[in-house]
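K.L.:
One letter stands for each residue in the lines below.
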Amino acid sequence: MTSLSNSLSAGAEPQVLSPVGGEVSDFFALLKPRVMVLVIFTALVGMLVSHVHIQPVVGSISLLMIAVGAGASGCLNMWWDADIDAMMTRTAKRPIPDGRIRPDEALAFGVVLSVGSVLVLGLASNWLAAGLLAFTIVFYAVVYSMWLKRATPQNIVIGGAAGALPPMVGQAAVTGSLGIESFVLFMIIFIWTPPHFWALALIKSADYAKAGIPMMPNVAGPQSTRRQIIAYSALLFPVGLAPVFLGFGGWLYAVTAFVGGLAMLAFSVHVFRNREGEPERKAAMGMFGFSILHLFLMFSALLAEQSLGLFRPVFA
Amino acid sequence: MSERPVAPRPLTPEEAQRRRKRSIAIAAVLFALVTIFYVLTIAKLGPQVLNRPI
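First to last, the sequence lines map onto chains A and B. Quick note on numbering: the first sequence equals residues 1117 to 1432 in the working numbering. Quick note on numbering: the second sequence equals residues -7 to 46 in the working numbering.
Pulled out of the complex, with its shape left as it was, chain A reads as follows:
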């Protein structure tokens, strides 16, 4: 953020600094819509595994506010990280580094949505859920973006907690309390995050080095990162099966988590074995893509079991 502010004050004009400001679509892009979809999805599963009656209006508005809160934290993240986003090919075309939205516009947008989403969630459901949503936003925007990301290679391990919290916010919104179910869903996403991001970081390490971000491949080296990807994938396997042993994941979920968990391990070993050139890139991208599919299928299985009546317990 600092260098961008300096470059603006030093007169290095971005492409557009119109008095009118950015397009509506640019503001929407600030909310990281794809992350919002994932947040809605995981929060909904957090609600459904709670086995309580969900008032449709309250449930829908709560989900919407959880998504808006997540989008607001993404917006604040883009505001703070605009200087490093400008240096990396993956993020250079985001609205702020591309000059389509001024940093102060993004900051105001993010703060208003953060406060608004927390207040409306509190009024719609309860203040435990609202407090958890506020914690998620602060954790992502302040603890992760402003501190961890530029300070430690464990950035996405600890910061991953922010992305893992939506199921707990969802459960809190419909029950007013927290249970083991949403905590297990939190742990699944938390353990899933490092192998997912490090697969991408392996092939984008030059970008991260240019931006000065201490990602694991840049600090500990690619080989150590590959070993850690295997370790986290191995840990994800039993954690992924925990819902089955705790009784809220049925046969459909058990098969999905078992097969997907083994495939994650296989992909991680494939990444470990392919260390050079195009095979390395393909293995890492394969791991990155499959990790998204694995998480999606596990949560889809829970969603189908809870909402379509497909739940058949593995243990009587």
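Calculated from the structure, these hints are not laboratory results. Values in this document were obtained by computation on a predicted structure and should not be read as measured data. We put the beta carbon where it would ideally sit given N, CA and C, even for glycine. Worth double-checking, as some hints may not be accurate.
Ranges between beta-carbon positions, derived for each pair [unchecked claim]:
1) B/PRO(-3) to A/LEU1235: 37 to 47 Å
2) B/VAL(-2) to A/VAL1140: 44 to 54 Å
3) A/ILE1408 to B/PRO45: 28 to 38 Å
4) A/SER1340 to B/THR33: 54 to 64 Å
5) B/THR27 to A/VAL1140: 18 to 28 Å
6) B/PHE29 to A/VAL1140: 15 to 25 Å
7) A/TRP1367 to B/ARG12: 47 to 57 Å
8) B/PRO2 to A/PHE1412: 43 to 53 Å
9) B/ARG1 to A/HIS1386: 57 to 67 Å
10) A/ARG1428 to B/ASN43: 43 to 53 Å
11) B/ASN43 to A/ARG1150: 39 to 49 Å
12) A/ALA1224 to B/PHE29: 19 to 29 Å
Place chain B on chain A using the hints.
P.N.:
Here is chain B on its own, set in the frame of chain A:
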């Protein structure tokens, strides 16, 4: 001694259209907020919202 204020330049057609779209988006969000609070009130209070002593 005070400097003369600089008159703002007129907006280009593209800027005017962008401002119009943003105004519509803000109106839509405000309308959605009003709807959310209305529907939420009915959902939380139910039929009791109309049942009060005069």
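K.L.:
For every hint, state whether the structure bears it out.
P.N.:
These are the hints, each one checked on the structure:
At roughly 39 Å, the beta-carbon separation of B/PRO(-3) and A/LEU1235 lies within the given 37 to 47 Å, and the hint holds. Between B/VAL(-2) and A/VAL1140, the C-beta spacing of about 29 Å breaks the proposed range 44 to 54 Å. Evaluation of the 28 to 38 Å hint for A/ILE1408 and B/PRO45 yields a failure: the beta carbon distance comes to about 57 Å. For the pair A/SER1340 and B/THR33, the supplied restraint of 54 to 64 Å holds, since their beta-carbon distance comes to about 56 Å.
The beta-carbon spacing between B/THR27 and A/VAL1140, approximately 19 Å, falls within the hinted interval of 18 to 28 Å. For B/PHE29 and A/VAL1140, the Cβ-Cβ distance of about 23 Å falls inside the hinted range of 15 to 25 Å, so the restraint holds. A/TRP1367 and B/ARG12 have their C-beta atoms about 55 Å apart, which keeps the hinted 47 to 57 Å range intact. Judged by the Cβ atoms, the range 43 to 53 Å given for B/PRO2 and A/PHE1412 holds: they are separated by roughly 50 Å.
Look at B/ARG1 against A/HIS1386: about 59 Å separates their beta carbons, and that is inside 57 to 67 Å. A hinted range of 43 to 53 Å for the beta carbons of A/ARG1428 and B/ASN43 is consistent with their spacing of about 45 Å. Between B/ASN43 and A/ARG1150 the Cβ separation comes to about 46 Å, which falls inside the hinted range of 39 to 49 Å. As the Cβ distance of A/ALA1224 to B/PHE29 is approximately 23 Å, the hint placing it in 19 to 29 Å holds.
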